[in-house]
Amino acid sequence: AQSVAQPEDQVNVAEGNPLTVKCTYSVSGNPYLFWYVQYPNRGLQFLLKYITGDNLVKGSYGFEAEFNKSQTSFHLKKPSALVSDSALYFCAVRASGGSYIPTFGRGTSLIVHP
Amino acid sequence: NAGVTQTPKFRILKIGQSMTLQCTQDMNHNYMYWYRQDPGMGLKLIYYSVGAGITDKGEVPNGYNVSRSTTEDFPLRLELAAPSQTSVYFCASSYEGGRTDTQYFGPGTRLTVL
Numbered sequence: 426a427q428s429v430a431q432p433e434d435q436v437n438v439a440e441g442n443p444l445t446v447k448c449t450y451s452v453s454g455n456p457y458l459f460w461y462v463q464y465p466n467r468g469l470q471f472l473l474k475y476i477t478g479d480n481l482v483k484g485s486y487g488f489e490a491e492f493n494k495s496q497t498s499f500h501l502k503k504p505s506a507l508v509s510d511s512a513l514y515f516c517a518v519r520a521s522g523g524s525y526i527p528t529f530g531r532g533t534s535l536i537v538h539p
Numbered sequence: 195n196a197g198v199t200q201t202p203k204f205r206i207l208k209i210g211q212s213m214t215l216q217c218t219q220d221m222n223h224n225y226m227y228w229y230r231q232d233p234g235m236g237l238k239l240i241y242y243s244v245g246a247g248i249t250d251k252g253e254v255p256n257g258y259n260v261s262r263s264t265t266e267d268f269p270l271r272l273e274l275a276a277p278s279q280t281s282v283y284f285c286a287s288s289y290e291g292g293r294t295d296t297q298y299f300g301p302g303t304r305l306t307v308l
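As given, the protein sequences belong to chains G and C, one line each in that order. Per our numbering, the very first residue in the first sequence carries number 426; after that it's consecutive. Per our numbering, the very first residue in the second sequence carries number 195; after that it's consecutive.
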């Protein structure tokens, strides 16, 4: 079975400060990892993914994520937060083989204060 | 491309009524999914389809039915609406097989059962 944990329901950060949204996972075999963002009253939008290769993945809107196999983590980061980054962020995982169906975390609400 | 479209955007049902949530994608994706999103609970997979004529249950299929007669369309049917089905429903699609890809989400349908 595969699972994702997002340990923080909410993350608060001041505009201009770096932000981190945490994600840990459990999966059999090699993971495919994803981050999605949901703005109010909208569907989820893809931000970035890790499949293989470089552990640091760069995505949309200046976000990046670091894959750490030993810690089974895939934390989302941004060097300088914007108020417009305030949204709900979801981490997802699936195994590299077998079912293509991902499992989503419960989501983390990011609030960036002016 | 319109991507993934869903109708209706909002709907209020009485207990015991039935309805169909429509979902269409124009990206020729083979996989399609239905999720429900409840506050603080993340996304729960209801049903998915790996191609026309092939569907399978997800995590929370009870009270729902699906069909997939074409690549483009994946309607979700609620037969006897119950208050527990009050939620926001998202349809998604992806191309899988031979390479991994991301999910594209529709804008959602907000359903209230009274």
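These are computed hints drawn from the structure, not numbers from a lab. It is possible that some hints are incorrect.
[As the list claims (entries may be wrong)] Restraint ranges, calculated between C-beta atoms of paired labels, are given here:
hint: 1; chain 1: G; residue 1: R467; chain 2: C; residue 2: T214; range: 31 to 37 Å
hint: 2; chain 1: G; residue 1: T497; chain 2: C; residue 2: T214; range: 39 to 45 Å
hint: 3; chain 1: C; residue 1: A246; chain 2: G; residue 2: G441; range: 45 to 51 Å
hint: 4; chain 1: G; residue 1: V508; chain 2: C; residue 2: N256; range: 23 to 29 Å
hint: 5; chain 1: G; residue 1: L481; chain 2: C; residue 2: L274; range: 32 to 38 Å
hint: 6; chain 1: G; residue 1: S453; chain 2: C; residue 2: K238; range: 30 to 36 Å
hint: 7; chain 1: G; residue 1: T497; chain 2: C; residue 2: N256; range: 30 to 36 Å
hint: 8; chain 1: G; residue 1: P465; chain 2: C; residue 2: I209; range: 26 to 32 Å
hint: 9; chain 1: C; residue 1: L274; chain 2: G; residue 2: I536; range: 26 to 32 Å
hint: 10; chain 1: G; residue 1: G522; chain 2: C; residue 2: N259; range: 40 to 46 Å
hint: 11; chain 1: G; residue 1: P465; chain 2: C; residue 2: S278; range: 37 to 43 Å
[To be verified] DSSO-like, lysine-lysine: derived pairs with alpha carbons at most 27 Å apart:
hint: 12; chain 1: C; residue 1: K238; chain 2: G; residue 2: K502
hint: 13; chain 1: C; residue 1: K251; chain 2: C; residue 2: K208
hint: 14; chain 1: C; residue 1: K208; chain 2: G; residue 2: K447
hint: 15; chain 1: G; residue 1: K474; chain 2: G; residue 2: K502
[Said to hold, decoys possible] Part of the chain G face toward chain C, derived, beta carbon under 8 Å:
hint: 16; residue: K447
hint: 17; residue: P465
hint: 18; residue: G468
hint: 19; residue: L469
hint: 20; residue: F488
Just so it is clear, CB atoms sit at the ideal spot from N, CA and C, and this is done for glycine as well.
Determine which of the earlier numbered hints do not hold for this structure and return their numbers in increasing order.
-> 1, 4, 5, 6, 9, 10, 11, 14, 16, 17 and 20
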